[in-house]
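All chains should be built: construct the whole structure from the sequences, respecting the hints.
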Amino acid sequence: MLRAGPMQTLPRTVLAVLPLLLGGGCQGLIGELPPVAQQAPDRRPEDPAAPLLPVESLPAFSPAPLRARQLLRWQYEESVRVLLGDAAAAAVVLPADVPLNGFAAVGASQLAPTPVAVRAWELSAHAAAEAAFAGGLPPGLVPCSPAAADDAACLGAFARSFGRRAFRRPVTDEEVSTWTAVGRAAAQAYGRFDRGVQFVVAGMLQSPAFLYLAEVGEPDGDAGRLRLTRYELAARLSYFLAGIPPPEGLMAAAEAGALDTADGLRAEARRLLALPSAARARAAFFDEWLELGRLDGLSKDPGTYPLYSPALASAMRQETQAFLGDLVARGADFRDFLDAPDTFVNADLARLYGIADVPASGFQKRTYPASTLRGGVLGHAALMAGLAHPRLTSPTRRGRFVRERLLCQPVGAAPPGVNAGMFSAASEAGHVTLRERLAVHLEEPSCAGCHVLMDGIGLGLENYDAVGAFRPDDEGLPIDAVSTLDSLGTFAGSRQLGTLLRNHPRTLDCLVRNLFRVAVGRVETDGEARPLRAALDRFAASGHRLDEVLVELAASDAFRFATKEETP
Amino acid sequence: MRRTSLSRRTFLRGAGALLALPTLEAMLDGKGEALASGEPLPRRLVVFFFGNGVVLDRYLPSGTGPGWVPGEALQPLLPLKDYVSVVSGYDLKTPDLRAHHNGACGILSGYPFISLPAGSANFSSRFGGPSIDQVAAGRIGGATPYRSLQLGISKRAGPWEGPTLQYASHAGSDAPLPPTVDPVKLFTQLFSGFNAGSTTDPRAALRASVLDAVREDAVRLRARLGSADRVRLDAHLAQVSELRAQLLALPPVVTSACAPPAAVTTRNVDAGGKEPLTAVSRAMFQLLTLAFACDLTRVASIQFTGPVGDQVFSELGQVDNQHELTHDPARQGDVHDTVVFTFSRFAELLAQLRGAVEGTGNLLDQSAVLCTTDVSEGLYHSCTDYPLVVAGRAGGALTYPGVHLRGNGQNTSDVLLAVLRAVGVDVPSVGGGAGLSSTPCPGLLA
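Chains as they are written, first to last, in our numbering: chain A, 1 to 568; chain B, 1001 to 1446.
By construction, these hints were calculated from the structure, which means they are not laboratory data. It is possible that part of the hints are untrue.
As the list claims (entries may be wrong) - Computed spacing ranges between beta-carbons, pair by pair: (1) B:R1267 with A:V358: 30 to 36 Å; (2) B:G1333 with A:S371: 21 to 27 Å; (3) B:R1230 with A:G362: 46 to 52 Å; (4) A:A96 with B:G1067: 44 to 50 Å; (5) B:A1434 with A:A267: 53 to 59 Å; (6) B:R1203 with A:A267: 42 to 48 Å; (7) A:A279 with B:T1265: 24 to 30 Å.
What the hints assert, rightly or not - Below are the EDC-like pairs computed for lysine to aspartate or glutamate, each with C-alpha atoms no more than 16 Å apart in a straight line: (8) B:K1274 with A:E218; (9) A:K365 with A:D342; (10) B:K1274 with A:D296; (11) A:K564 with A:E218; (12) A:K564 with A:D220; (13) B:K1274 with B:E1315.
Each residue gets a CB set at the ideal place from its N, CA and C atoms; glycine is no exception.
Set out below in C-alpha cells:
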C-alpha cells in the first residue's frame, strides 16, 4: 500500500516540468504521446503548448483504408425524416450507439451491429413505414399508377425510385426484383397496393444497403490509391454534414461530376449546411464531443443540492446546445466557445448562475456576473455538473476532460496496484482543502505523471460546485482557484482558462481532429496530418467560422481519398 | 453464414398448418428426471456481474468444504447455502494493465483486454475474446429461440472507456452485446407471443419474407466488402436469421412452470434521479426464470451494476457514487453495504430459480450461476483473491451441497472452465494468453 507522504501544496514546479513529462520518459504513465499534426518525424520532446509547425513541414498525405460504417441512431432518424416525414421519424426507437475512442462513429465502423440494434432496426423500419402511410400513400411518392393491387411493374418502379434515395445510388435489377417480390407478397396478402409499398419501404429501411455506408472506392491513377466514387462521396458528404441520404440535387450534381473537385465539394457542402438536418448534425457532434450524455441520469445529492433535478440537467444540456448553435448561426468566431461572457439561460439556470435578469420564459441570452469568473463552455453547468460527483467536485475529472476532449491529450491509466484510496487517506491525515488533498497525487511519482496534467486544470475551476453554481468557498474552507495551464500562464475560473485554451495551439487542432473522426468514422492517421493541418489553416483564415472548417474537411484529400484495406 | 436451427419451438407459420410441438413436460420420462428421448433436462447458465468489487475481510467465508460459514457480505445467501459454492484465493492471471478493464474482461472471458490504438483520441478497450456466456451460447444456445439473453439492471454503466466497461457480454472482440434494461421491453420481446394474433394474420410471415430479402441484399453487399467488414456483416446476418426464427416461432406452450405472465409494468425509469434497482431486479429475475421455464433461452448474463459506473445505491440512503466510495478508505463500510445489497438481489435470483419446478426438481437444480465482479477490492484495484460465487447444481454436475474452496493463487479461469463444463459446454479450454485455462477448478464439479 502506498502511503501519503508529508503534505505539500500543489507545487508549481511540477507544472513547470510538464513538458519533460509529456515529451518522454513517462510512457505508460500518461499513455503514448499522441501523434499531433505539429510533430515532425525528428521532433524533440516539447512543450504541449508548443506552436504548430507549418503545413509544409508535415509528411506527404497518405490515405487510410475504408471500413463500412453503420448509420448512427440520429442519422437513421434524420434519414427516415427526409424520406418519409416527421410521423415516420417519430416511430423510430433505436438503442444508443456504442462508441469507441470517444465517438460513436468510430464504433460504427469497427464493431458488429448489436443484436439490440438489429432488432430495433427491424421494428423501427416497420413502425416508420406504417406511420408514414397511415393516411394513405403521399402524392408523388409512387412514380406510377397501379393497374392492380399487386401491380409488379409499378411496385418495381417504386422500389427503383425509393431505393435510389435510400441506398444513395441506382438500384440494381437484382435488388428491384428482390424488393418487388416482397411488395407483391404484401399487396396480395392484404389485397392492397399501398401495403405492398409499405413493406418495400419497411424492408429497405432495414437493408444493409441502407444501414451501412459501405464505400469501396475506385482506382485513382496512383498506385494503390482509391478515390471514393461519386455516389459514395455524395453519401459521405451528406451523412457527415446532415445525417441524411443525399438530396436529389446533390445526387444530380454528383452524377454530373460536381464532387470531382475540392471547390465542387465546398459548394455542395455549403448547400447541405443550410438544411435543417445540418443543425441536428452539429448538435449531435456537440453533444458527443462535450460528453453531454453525462447529464442523462446524473445523480446529485438532494441534501446538498436541493435545487437540482433531472429537469435542471435537461436545461443545462439545452443551454450548451443553444449557446453553440448561436455561435454557428451568427457565423461568430467559434473560439468564443471557450470564453464568451454570455450564454442562454432559462429561469432555473439564471438562478443557478446568480443572473439577476431572470428570463420570464424560455431561454434568453444573458451575461454572467463578472464576479463569478465564468465564461465559455467550461463555465456551463452542463460540464461542471456532468464532470463532478454527486456531492463533491472532481478537479481530476474536469482536468481530464480538458486534456482529452479539448486538447486531444489522452491520460493514461492509474498504475497497477496503486492504493486508490490515498487521495482520501490524505484527508484523514489532516489535509483539509481539496487542493491540499490532491497534492498527494503529485508527491507520488507513479501518479504525478498523469495527475499533473489533470488536477491543475481542475483546481482552477474549484469555484464551481458539483452542480455548476458559483461558490466563494468550499464549506467554509478557502478556495485558491489560481492555477496554471502548461506554459501558457495562470488563470482562475472558466473564462480565463478559456482564454488560455483559445491561445493553446492544440485546441483548434484537436477540434479539427474530433470533427474529422466523426466525418469518417475513425481516428485520423499520421499520414493525414497534412490535409488536416490545411483544413485548420483555412479555418483560421475564415475567422474561425465552424461551418467553414466543416466545408474544408469535406473538401480535404483525407475525406476524398482512401487506400485498400490493410491486410493484418 | 448459418441459419439458426431450432429444435422444438420453431415452426414456420407461413408454411401452413400449426404443428403442435411437444412441451418439456410432455417430453419428460416417467421419473421426471430426463426427457423421454433419453436426453437429460436442459442445463442453463447465468452470469451475474456487478461493478467495483467487495470488501474482502467482510466477504470471505470462514472454514472450507461444505461446512463453510458465509462472511457478512454473503449472509443473504444463507437460506440457499446448499446451492452455493464460494471460490476464494484464486487470482486473475491476465496482465493488470488497466484497472477495471483487466478485471471485467479477464473474469468474464478469461482473455486479456485489447487496448484500441487511440493516438490522440480517448482511450478505449474491447474484450480480447468472447465472454463465457457467449461461449456457452455458441454450444448450447442453438436449441432455443434466443441463443442468449443480456439483461441489465443499473443504467449507469458508461460508454466513456469503451465496451469493456460498458457491457458484460461480448460475442467476440468486436461484438459487444448491450443488455436490455427495461423489463417491459423484455416482457414484450419474450412473451407477446403468448397472445399471438390469429394465424390468418400475414404480418409475421411478411416480416419474415422481408428478412429474407434483407439477407439477399446483405449477401450482395458482402461480396463487395473487405475481410474485416465481412466478419461484421456475417454477425449481422446471423442476428437476422435468429430474429427471423423468433418471428416464426410458436408461442411458448403453457405448462405448470411456463404460464403466461401477467403484463409486466415495471419500467426502468428513475424516480427523482434514483434508480429502482430492487424493483427492476425482481421484474427481470421473474422474466428470466420464465424464459428458462418456457425454454426460450438457456443462457443469460445479468449486469447488475457497471464496472466504474455511476451507480448510486439510493435505496440504502446513500448519495455518493459507489465507485468513488470504493476509493475512500473511510467509506469501506458503505461499500460493504452495497455489496450486501447486491448479494441480496442475487439471492432473490437464486430463490426465484429454485421456486420454479422442472421435472422432479427446480430450475436452480438445472442451472449454473456464476456471480463475480471486475476487481477484487475497489480500494486497491486488486485482481488477487478474487470474489467468485458459483450457485446451482447444473443437473448434478456441480458439487452439492456447496463448498468453500480456498485456493492459493490458482487461475480464476479454472472456475470459468468448470462452470462451462458443468452446463455441458465441452470446450478444451477457456480464455487466452495468461488467462488461458484448460484445467477446470477441481472442487467445483461433482
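Evaluated hints:
1. For the pair R1267 (chain B) and V358 (chain A), the beta carbons lie near 35 Å from each other, so the given range of 30 to 36 Å is met.
2. Between G1333 (chain B) and S371 (chain A) the beta carbons are some 41 Å apart, a value that contradicts the proposed interval 21 to 27 Å.
3. Between R1230 (chain B) and G362 (chain A) the CB atoms are about 51 Å apart, so this pair conforms to the stated range of 46 to 52 Å.
4. For the pair A96 (chain A) and G1067 (chain B), the supplied restraint of 44 to 50 Å holds, since their beta-carbon distance comes to about 47 Å.
5. The supplied range of 53 to 59 Å is met by A1434 (chain B) and A267 (chain A), whose beta-carbon atoms lie about 56 Å from each other.
6. Roughly 46 Å separates the CB atoms of R1203 (chain B) and A267 (chain A), a value that falls within the hinted 42 to 48 Å.
7. Taken as a hint, the range 24 to 30 Å is violated for the pair A279 (chain A) and T1265 (chain B), whose Cβ atoms sit roughly 37 Å apart.
8. Between the alpha carbons of K1274 (chain B) and E218 (chain A) the distance comes to roughly 54 Å, so the proposed pair goes past 16 Å and is violated.
9. As the CA atoms of K365 (chain A) and D342 (chain A) are separated by approximately 7 Å, the hinted pair is consistent with the 16 Å bound.
10. Taking the CA atoms of K1274 (chain B) and D296 (chain A), the gap is near 12 Å; set against the 16 Å cutoff, the hint holds.
11. A C-alpha spacing of about 10 Å is found between K564 (chain A) and E218 (chain A), which places the hinted pair at or below 16 Å, so the restraint holds.
12. Taking the CA atoms of K564 (chain A) and D220 (chain A), the gap is near 12 Å; set against the 16 Å cutoff, the hint holds.
13. A distance of roughly 8 Å separates the Cα atoms of K1274 (chain B) and E1315 (chain B); the hinted pair therefore holds under the 16 Å criterion.
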